[in-house]
Amino acid sequence: MSDHSNISGARSAPPFLTAKSIFKSFGGVHALKGVGLDIQPGEVHGLVGANGAGKSTLIRILAGLERPDSGQLMLDGKDIVVENAQKATELGLSFIHQELALVPSMTILENIMLGSKKESRMGMVNWPAIARKVEPIAKRVGLTQPLSTNCSKLSTADNWLVSICRALVHESRLIVMDEPTASLSAAEAERLFAIIRDLSASGVAVLYVSHRLDEILDLCDSVTVFRDGYLVTNFDKASLTRDILVEAIVGGAVESQSIEPQDFSSAEVVLAVQNLSRYPRVRGISFELHKGEVLGLGGLVGAGRSELARLIFGADKKDGGKMMLNGQQYRPKNPSAAVAAGIGFVPEERRTEGLILTKSLAFNVGLANLSQLQLSKFLPLTNQRARSKLAHDTIAALQIKAQGIDAPVGRLSGGNQQKVVIGRWLARSPDILILDEPTRGVDVGARGEIHRLVRQLAADGMSVLVISSEPDELPDLCDRVLIMSEGRIVRELAGDQISRNAIVEASYAQDLAKTA
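Residues in the sequence shown are numbered from 1 upward in steps of one, following the numbering used here.
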C-alpha cells in the first residue's frame, strides 16, 4: 500500500487540511490502517473506495465523532485535535451526510441556524435581522423557497441546499458531502454540481464522497482511493480514467454483468396488477409479473415507482384497482399480511425504513424470520442459537464485512447494510422480492455482487421487481422494463429494446412533450 510519498501528480499549492497515517480500530478490528489525504483550498477532492474501505471512519474522525488511535491531523500546517462536533465547526469543517440532519418541523431559517450563535434583541432571538443576513447566502446557492418554509415541505434537493447554507453561515472552509446525488434527479444533480463549482471558485474546499464514478471524474480536481482500510493512491484529474479508478477501488478489473433478457410472457403469472391507483402518485397502473422474471421499473425521481411498491407491499392503501397473487385476489391490510403472502421488500431508505441501526446484525437479519426462530408455538421467545446460525449463514452467503453478528448494524458501511436488508429475505425465500434502489450508495464491487445474487434468485424461481433511477442498472439486470412517468406506465421495453438510451428517452418523454 502506498503512502503520501508515493502520491502521483503532486500539486503545487500547500494543503489546507492534512490527515496523515491515521489508524483506527473498533473492538480489535482495524478500520483504518495508516490512511491519509491532503486537501487544498478551493479543491473538489474525491474520496472513493469499496464499502468498508474506511471512508466513513475517516469522515467521523474529521467530524469529531471518533478519535484516531494514532496519526496526525493538521490545519494550515498546524496540528489539531478534533474533540467533538462543535470543535469541527469552529475549525471551519462542515459535514452533509446522505441522511440529512434537518428537523422537518422547523423552518429553513431555524435549520440553517442550528448550532450557530444567534443575534438577539432585548433577550429574544432577532429572527428578522438573522433572515436579512441569511438571505444573500440562500440566494447564492439557489434556494428560492421563503426562509419561513418548514423543511418538511421541501424536496430532497432543496434540503441539500439548506444544508449547504448552514455550512456557509458557519463560514466553513471545507464541506464534506457524502453521496450527495443519491436521492436527486439528473436535473437536481446538475444544479448541485453548479453550486459545488461555485463554492470551489470562491475558495471553499469540498470533500466529495460518492460511488458514482462519472461524477467523481467530472467534478473532482483530485481523487483519493481507500481499500480495506489502506490508502491505495491519489490521482490528479489529468491522470484519471474510469477503468483506472475502478481497478484502484476493487484491486482489479470488474467483469461486465450484462445479461441476455429472457421472454417470460408464457410463464406463470405470479402477480397481476389491474388499474391500481393511489392519487396523485399512482394512476391506473396495470402489469403482470411472471415466475422467475426480473422486471424493472424505470423513470425519474417522483414518477411514482416507490409509491407503487408500497401499495403492493401493503404499506399504503389503494384508492382503486385490484391485485391478483398466484391467481387469488390479493388485498394486503399491512406489510405483515404481504410477508405472510410471500412478498419481501427492500425499501429505498434502508437506514430509516429497513434497519434498526442500534440493534445487532443478528437482530436485523432475524426480523423477517421471527416465526421460524421462535422456540415453540407456545413460547414467544427467540431461539438464540438458530438466530446466530441464520446471521452467520447470511454473512457467509453475502460476504458481509462486519465485526461480528452482535455488532450494531449502524456501524456497517452502506453496502454491507444493504446486504443485511437483502439477506433478511434469503432465509424466508419469498415468491416475490421488491428491491427499491438496491445499489444506491453501494460501491462497484458490491453492486456486482448484488446483481449476481438477484439473477441467481430469479434463476431459482423467485420473481423480482427492481426499481432503479440509474439507467445503466436496469439493462444489467432485467428481462423487461416498465417506464413510469407522473404515476403512469408510459412505455414497456423488452429484449433488445432494453438499453440505457431507451430508458433515458422514455423517462424524459413526458417532460419533453410538455415543453414542445
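It is possible that some hints are incorrect.
[To be verified] In silico lysine to aspartate or glutamate, DMTMM-like type, Cα no more than 20 angstroms apart, as pairs:
(1) Lys153 <-> Glu119
(2) Lys133 <-> Glu110
(3) Lys291 <-> Asp263
(4) Lys377 <-> Glu349
(5) Lys20 <-> Glu110
(6) Lys359 <-> Asp431
(7) Lys118 <-> Glu90
(8) Lys33 <-> Asp69
(9) Lys20 <-> Asp76
(10) Lys133 <-> Glu119
(11) Lys322 <-> Glu288
(12) Lys359 <-> Asp393
(13) Lys333 <-> Asp431
(14) Lys291 <-> Glu268
(15) Lys322 <-> Asp431
(16) Lys237 <-> Asp221
(17) Lys20 <-> Asp69
(18) Lys33 <-> Asp76
(19) Lys20 <-> Asp263
(20) Lys401 <-> Asp218
(21) Lys139 <-> Glu171
(22) Lys401 <-> Glu449
(23) Lys117 <-> Glu90
(24) Lys291 <-> Asp460
(25) Lys153 <-> Asp406
(26) Lys139 <-> Glu190
(27) Lys33 <-> Glu268
(28) Lys153 <-> Glu171
(29) Lys20 <-> Glu83
(30) Lys237 <-> Asp218
(31) Lys291 <-> Asp431
(32) Lys153 <-> Glu307
(33) Lys317 <-> Glu268
(34) Lys20 <-> Glu66
(35) Lys133 <-> Glu171
These aren't lab readings, by the way, just hints derived from the structure by calculation.
How the hints compare with the structure:
1. Our distance criterion of 20 angstroms between C-alpha atoms is broken by Lys153 and Glu119, whose separation comes to about 26 angstroms.
2. The straight-line distance between the Cα atoms of Lys133 and Glu110 is roughly 13 angstroms, inside the 20 angstroms bound, and the hint therefore holds.
3. Proposed proximity of Lys291 and Asp263 is supported: the alpha carbons are some 11 angstroms apart, at most 20 angstroms.
4. For the hint linking Lys377 to Glu349, the alpha-carbon distance of about 33 angstroms lies beyond 20 angstroms, and the restraint is violated.
5. For the hint pairing Lys20 with Glu110, the CA-to-CA distance comes to about 37 angstroms; that exceeds 20 angstroms, so the pair is violated.
6. For the given pair, Lys359 sits about 28 angstroms from Asp431 by alpha-carbon distance, which is inconsistent with the 20 angstroms threshold.
7. The suggested pairing of Lys118 with Glu90 holds, with an alpha-carbon distance near 15 angstroms, which does not exceed 20 angstroms.
8. For the suggested pair Lys33 and Asp69, the alpha carbons sit about 10 angstroms apart, so the restraint of at most 20 angstroms is met.
9. With a CA separation close to 14 angstroms, the supplied pair Lys20 and Asp76 stays within the 20 angstroms bound.
10. Distance check on the hinted pair: Lys133 and Glu119 sit about 10 angstroms apart at the alpha-carbon level, within 20 angstroms; holds.
11. A distance of roughly 12 angstroms separates the Cα atoms of Lys322 and Glu288; the hinted pair therefore holds under the 20 angstroms criterion.
12. Of the pairs offered as hints, the one joining Lys359 and Asp393 holds, with about 18 angstroms between alpha carbons and a cut-off of 20 angstroms not exceeded.
13. Our distance criterion of 20 angstroms between C-alpha atoms is met by Lys333 and Asp431, whose separation comes to about 18 angstroms.
14. About 6 angstroms separates the Cα atoms of Lys291 and Glu268, which keeps this hinted pair within 20 angstroms; it holds.
15. A threshold of 20 angstroms between alpha carbons decides the hint, and for Lys322 with Asp431 the separation of about 19 angstroms falls inside it, so the pair holds.
16. Between the alpha carbons of Lys237 and Asp221 the distance comes to roughly 5 angstroms, so the proposed pair stays at or under 20 angstroms and holds.
17. A distance of roughly 12 angstroms separates the Cα atoms of Lys20 and Asp69; the hinted pair therefore holds under the 20 angstroms criterion.
18. With a C-alpha separation of about 24 angstroms, the suggested pairing of Lys33 with Asp76 is violated against the 20 angstroms cut-off.
19. At roughly 55 angstroms between alpha-carbon atoms, Lys20 and Asp263 are farther apart than 20 angstroms, so this suggested pair is violated.
20. For the hint pairing Lys401 with Asp218, the CA-to-CA distance comes to about 30 angstroms; that exceeds 20 angstroms, so the pair is violated.
21. Of the pairs offered as hints, the one joining Lys139 and Glu171 holds, with about 16 angstroms between alpha carbons and a cut-off of 20 angstroms not exceeded.
22. For the hint pairing Lys401 with Glu449, the CA-to-CA distance comes to about 13 angstroms; that is within 20 angstroms, so the pair holds.
23. For the given pair, Lys117 sits about 12 angstroms from Glu90 by alpha-carbon distance, which is consistent with the 20 angstroms threshold.
24. With a CA separation close to 10 angstroms, the supplied pair Lys291 and Asp460 stays within the 20 angstroms bound.
25. A threshold of 20 angstroms between alpha carbons decides the hint, and for Lys153 with Asp406 the separation of about 38 angstroms lies outside it, so the pair is violated.
26. For the suggested pair Lys139 and Glu190, the alpha carbons sit about 17 angstroms apart, so the restraint of at most 20 angstroms is met.
27. Distance hint between Lys33 and Glu268 is unfulfilled; the C-alpha atoms sit about 52 angstroms from each other, more than 20 angstroms.
28. Restraint check for Lys153 and Glu171: not satisfied, since their Cα atoms lie roughly 26 angstroms apart, outside the 20 angstroms limit.
29. Pair hint Lys20 plus Glu83 holds up; C-alpha atoms about 17 angstroms apart against a cutoff of 20 angstroms.
30. Of the supplied pair hints, the one linking Lys237 and Asp218 holds, its CA atoms being roughly 9 angstroms apart against a limit of 20 angstroms.
31. Distance check on the hinted pair: Lys291 and Asp431 sit about 8 angstroms apart at the alpha-carbon level, within 20 angstroms; holds.
32. Proposed proximity of Lys153 and Glu307 is supported: the alpha carbons are some 18 angstroms apart, at most 20 angstroms.
33. For the hint pairing Lys317 with Glu268, the CA-to-CA distance comes to about 27 angstroms; that exceeds 20 angstroms, so the pair is violated.
34. Of the pairs offered as hints, the one joining Lys20 and Glu66 holds, with about 16 angstroms between alpha carbons and a cut-off of 20 angstroms not exceeded.
35. For the proposed pair Lys133 and Glu171, the alpha carbon gap of about 13 angstroms is at most 20 angstroms, so the pair holds.
Against the hints set out earlier in the document, violations occur for numbers 1, 4, 5, 6, 18, 19, 20, 25, 27, 28, 33.
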